[in-house]
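Colleague: Construct all of the structure, not just a fragment, from the sequences and the given hints.
Spelled out from the first residue to the last, the chains are:
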Amino acid sequence: MNQRNLLGTTLLYLAAAIIVLVSVSPFVYMVLTSVKTGSALFDPAIWPKKADFGNYTALFDGAQPFGRHLLNSVMVASLTVGGAILMGVTASYALGRIRFKGKGLLMLTLLGVSMFPQVAVLSGMFELIQSLGLFNRAIGLVVPYTIFTLPFTVWILTTFMRELPNELEEAAIMDGCGPLRIIFQVFLPLLWPALVSTGLLAFIGAWNEFLFALTFIVEDAQRTVPVGISLIAGATAYEIPWGSIMAASVIVTVPLLLLVLIFQKKIVSGLTAGAVKG
Amino acid sequence: MLALMCVVAVWPLLRSIWFAFTETNINNLEASRFIGLENFFGPYGLFFNPNYTDGFWASDWGTAIRNTFQFAFVSVILETLAGLGVALLLNQEFKGRTLVRTAVLVPWAIPTIVSAKMWGWMLHDQFGVVNTVLLNLGVISDKIAWTADASTAMWSVVAVDVWKTTPFMALLILAALQTLPKDCYEAARVDGVHPLRLFWKVTLPLIRQPLLVAMVFRLLDALRVFDLIYVLTSNDSSTISMSGLVMREMVDAGNVGFGSAASTSLFLIIMLSAVVFLRLTRTKLEE
Numbered sequence: 565m566n567q568r569n570l571l572g573t574t575l576l577y578l579a580a581a582i583i584v585l586v587s588v589s590p591f592v593y594m595v596l597t598s599v600k601t602g603s604a605l606f607d608p609a610i611w612p613k614k615a616d617f618g619n620y621t622a623l624f625d626g627a628q629p630f631g632r633h634l635l636n637s638v639m640v641a642s643l644t645v646g647g648a649i650l651m652g653v654t655a656s657y658a659l660g661r662i663r664f665k666g667k668g669l670l671m672l673t674l675l676g677v678s679m680f681p682q683v684a685v686l687s688g689m690f691e692l693i694q695s696l697g698l699f700n701r702a703i704g705l706v707v708p709y710t711i712f713t714l715p716f717t718v719w720i721l722t723t724f725m726r727e728l729p730n731e732l733e734e735a736a737i738m739d740g741c742g743p744l745r746i747i748f749q750v751f752l753p754l755l756w757p758a759l760v761s762t763g764l765l766a767f768i769g770a771w772n773e774f775l776f777a778l779t780f781i782v783e784d785a786q787r788t789v790p791v792g793i794s795l796i797a798g799a800t801a802y803e804i805p806w807g808s809i810m811a812a813s814v815i816v817t818v819p820l821l822l823l824v825l826i827f828q829k830k831i832v833s834g835l836t837a838g839a840v841k842g
Numbered sequence: 004m005l006a007l008m009c010v011v012a013v014w015p016l017l018r019s020i021w022f023a024f025t026e027t028n029i030n031n032l033e034a035s036r037f038i039g040l041e042n043f044f045g046p047y048g049l050f051f052n053p054n055y056t057d058g059f060w061a062s063d064w065g066t067a068i069r070n071t072f073q074f075a076f077v078s079v080i081l082e083t084l085a086g087l088g089v090a091l092l093l094n095q096e097f098k099g100r101t102l103v104r105t106a107v108l109v110p111w112a113i114p115t116i117v118s119a120k121m122w123g124w125m126l127h128d129q130f131g132v133v134n135t136v137l138l139n140l141g142v143i144s145d146k147i148a149w150t151a152d153a154s155t156a157m158w159s160v161v162a163v164d165v166w167k168t169t170p171f172m173a174l175l176i177l178a179a180l181q182t183l184p185k186d187c188y189e190a191a192r193v194d195g196v197h198p199l200r201l202f203w204k205v206t207l208p209l210i211r212q213p214l215l216v217a218m219v220f221r222l223l224d225a226l227r228v229f230d231l232i233y234v235l236t237s238n239d240s241s242t243i244s245m246s247g248l249v250m251r252e253m254v255d256a257g258n259v260g261f262g263s264a265a266s267t268s269l270f271l272i273i274m275l276s277a278v279v280f281l282r283l284t285r286t287k288l289e290e
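Chains as they are written, first to last, in our numbering: chain A, 565 to 842; chain B, 4 to 290.
Some clues are possibly wrong.
[Claimed, not checked] Listed below are the simulated DSBU-like cross-link pairs for lysine-lysine, each with C-alpha atoms no more than 35 Å apart in a straight line: (1) Lys204/B - Lys185/B; (2) Lys829/A - Lys98/B; (3) Lys185/B - Lys98/B; (4) Lys829/A - Lys185/B; (5) Lys829/A - Lys667/A; (6) Lys146/B - Lys614/A; (7) Lys204/B - Lys98/B; (8) Lys146/B - Lys613/A; (9) Lys829/A - Lys204/B.
[Said to hold, decoys possible] Just the calculated beta-carbon pair ranges, DEER-fashion: (10) Gly697/A - Gly257/B: 17 to 25 Å; (11) Gly697/A - Ser240/B: 33 to 41 Å; (12) Gln749/A - Pro198/B: 46 to 54 Å; (13) Leu17/B - Lys829/A: 36 to 44 Å; (14) Leu732/A - Val279/B: 38 to 46 Å; (15) Lys665/A - Ala34/B: 37 to 45 Å; (16) Leu650/A - Leu138/B: 49 to 57 Å; (17) Ser237/B - Gly666/A: 43 to 51 Å; (18) Ala34/B - Gly646/A: 33 to 41 Å; (19) Ala604/A - Asp63/B: 40 to 48 Å; (20) Ala579/A - Leu209/B: 20 to 28 Å.
[Stated by the list, open to error] Some but not every residue of chain A turned toward chain B, in silico, with C-beta under 10 Å: (21) Val586; (22) Val588; (23) Pro590; (24) Leu605; (25) Phe680; (26) Gln682; (27) Glu691; (28) Leu714; (29) Pro715; (30) Phe774; (31) Thr779; (32) Met810; (33) Leu820; (34) Leu835.
These aren't lab readings, by the way, just hints derived from the structure by calculation. For clarity, every value in this text was computed on a predicted model and none was experimentally measured. Just so it is clear, CB atoms sit at the ideal spot from N, CA and C, and this is done for glycine as well.
Modeller: As structure tokens, then:
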């Protein structure tokens with residue numbers, strides 16, 4: 565690795581710099597735009613002359629209940645993570661530790677379902693949500709989100725579950741533990757890393773979801789943030805409030821970005837566990 | 004638990020397929036009328052419609068299929084190449100590698116809707132930064148309405164998608180690269196093999212399998228694209244995808260029956276493409 569010549573090294577750093585620039589600059593530009601108001605927005609200068617947080621304050625006392633959207637999103641995403649983890653752990657215990665016929669096929673189906681086009685179940689899901697009385701309520705979104713996250717959660721947890729030593733389970737059985745106690749008191753503490761990565765991925769998925777959120781909710785106060793952002797409108801139909809849209813985007817993105825950057829090792833291992841071993 | 008899961012997951016799919024054979028309005032799902040294959044092959048159906056005077060590919064559904072495949076193929080190929088490049092770079096040892104790896108994650112962490120809005124603003128015809136920069140560099144002489152002009156709209160969508168999902172590709176490929184045995188490379192270095200030859204003869208064959216799996220993931224994801232196009236180009240006819248058309252028919256127009264027929268076809272088309280891709284590349288998904 566150490567006989568790289570000067571030219572090679574320069575090219576390497578140049579390429580790295582370009583990659584960093586392309587990845588990060590749109591986000592930086594978004595943040596810069598969000599602190600421009602009025603005519604400053606249409607000034608071609610990239611760096612704002614003065615930072616104005618008017619867009620941010622306007623979001624929370626404006627016509628759209630943006631604060632409410634945020635709360636809805638937090639609630640839906642958290643419940644989805646909780647549900648997916650709870651069901652995922654029990655299901656993956658069955659898949660990872662117990663031998664039964666058709667397991668390989670079941671695993672493949674699981675992987676298939678997680679890559680499923682959401683639109684294909686749209687009308688059936690619409691009916692299901694309506695018959696459960698959850699139409700037009702943010703909490704109803706937890707149902708489709710959990711269904712679509714679960715396969716992936718189960719898939720990853722199963723790969724982790726399989727690697728836990730058999731002796732542990734045998735010892736627990738000898739001591740008289742039932743399956744539920746084995747799952748929650750013996751395995752769960754060992755599964756923390758996997759739980760963190762699947763939980764984060766489930767959270768990100770639910771936080772970003774758009775199609776179901778757009779279809780199943782028509783009342784403004786029940787919407788989640790992605791739909792909220794897509795519907796932010798100006799005073800007239802011809803005026804798009806880019807400043808507010810960018811401010812809302814920054815608010816939605818920053819927590820996610822922090823989560824991803826803090827837990828990047830966990831997230832990357834979660835993502836790759838699903839694919840590389842497949 | 005597993006059985007319950009299957010029921011909850013499979014039931015909506017079965018109902019959706021059932022709706023495809025009915026005439027149903029979104030406001031009253033109970034009042035559905037069974038009409039057989041009308042939605043697919045009838046006078047107003049998706050395929051072999053006699054009203055398609057300009058042929059199937061000019062119809063709304065044909066256009067949506069074309070758009071979707073065009074989008075999926077171009078973006079998956081570009082993402083694979085870009086992802087491979089980024090992964091090879093990150094696999095080198097150099098100062099600031101962790102910084103670059105972190106930076107690469109940023110586009111992936113930004114929600115699709117946000118990146119669509121953000122690029123929508125950057126590609127704005129009058130005030131967008133992309134036009135300003137390109138004008139100043141002299142690359143273009145007039146401002147271009149990137150997302151509104153039919154000739155550039157699809158390319159804008161592809162560009163945003165590539166920007167957003169290259170990190171995913173890069174991370175998967177990087178993970179594969181890091182499992183490669185070091186001794187192969189030691190031996191090659193001792194023998195003085197040219198790096199390019201080393202890449203073609205050693206690296207590429209070794210990461211072929213994970214690379215193809217990553218491509219299948221992306222292909223399936225790209226074929227069901229909806230939110231990016233819906234927000235970036237407002238679902239106009241030059242970029243509308245299959246999912247977008249289903250949404251338009253089912254939700255905006257309220258024709259649950261026709262929309263379901265389209266979504267069922269979409270489902271079959273995607274499954275078929277996945278099978279064809281796996282066959283062509285002889286990828287095995289089993290462990």
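Colleague: Decide, hint by hint, whether the structure agrees.
Modeller: Verification of the hints:
1. Lys204/B - Lys185/B: Within the cut-off at roughly 15 Å; holds.
2. Lys829/A - Lys98/B: This hinted pair holds, its Cα atoms lying about 19 Å apart.
3. Lys185/B - Lys98/B: 21 Å, holds
4. Lys829/A - Lys185/B: Holds - the C-alpha atoms of lysine 185/B and lysine 829/A are around 22 Å apart, at most 35 Å.
5. Lys829/A - Lys667/A: 30 Å, holds
6. Lys146/B - Lys614/A: 27 Å, holds
7. Lys204/B - Lys98/B: Given pair lysine 204/B, lysine 98/B holds - Cα atoms ~28 Å apart, limit 35 Å.
8. Lys146/B - Lys613/A: 25 Å, holds
9. Lys829/A - Lys204/B: 31 Å, holds
10. Gly697/A - Gly257/B: 17 to 25 Å: Given a distance of about 21 Å, which is inside 17 to 25 Å, the answer is holds.
11. Gly697/A - Ser240/B: 33 to 41 Å: 37 Å, holds
12. Gln749/A - Pro198/B: 46 to 54 Å: 53 Å, holds
13. Leu17/B - Lys829/A: 36 to 44 Å: 40 Å, holds
14. Leu732/A - Val279/B: 38 to 46 Å: Since the Cβ atoms of leucine 732/A and valine 279/B sit about 44 Å apart, the hinted range of 38 to 46 Å holds.
15. Lys665/A - Ala34/B: 37 to 45 Å: 43 Å, holds
16. Leu650/A - Leu138/B: 49 to 57 Å: For leucine 138/B against leucine 650/A, whose Cβ atoms are near 55 Å apart, the range 49 to 57 Å holds.
17. Ser237/B - Gly666/A: 43 to 51 Å: 46 Å, holds
18. Ala34/B - Gly646/A: 33 to 41 Å: 37 Å, holds
19. Ala604/A - Asp63/B: 40 to 48 Å: Holds: the Cβ-Cβ distance is about 42 Å, inside 40 to 48 Å.
20. Ala579/A - Leu209/B: 20 to 28 Å: Hint holds: Cβ distance 23 Å, inside 20 to 28 Å.
21. Val586: 7 Å, holds
22. Val588: Holds - the Cβ of valine 588/A comes within 10 Å of chain B, reaching about 5 Å at its closest.
23. Pro590: 6 Å, holds
24. Leu605: Cβ of leucine 605/A sits 7 Å from chain B, so the hint holds.
25. Phe680: 8 Å, holds
26. Gln682: 7 Å, holds
27. Glu691: 5 Å, holds
28. Leu714: 6 Å, holds
29. Pro715: 8 Å, holds
30. Phe774: 4 Å, holds
31. Thr779: Given a least distance of 6 Å, the restraint on threonine 779/A holds.
32. Met810: At about 7 Å, which falls below the 10 Å cut-off, the nearest Cβ of chain B leaves the hint on methionine 810/A intact, so it holds.
33. Leu820: Check passed: Cβ of leucine 820/A comes within 5 Å of chain B, closer than 10 Å.
34. Leu835: 6 Å, holds
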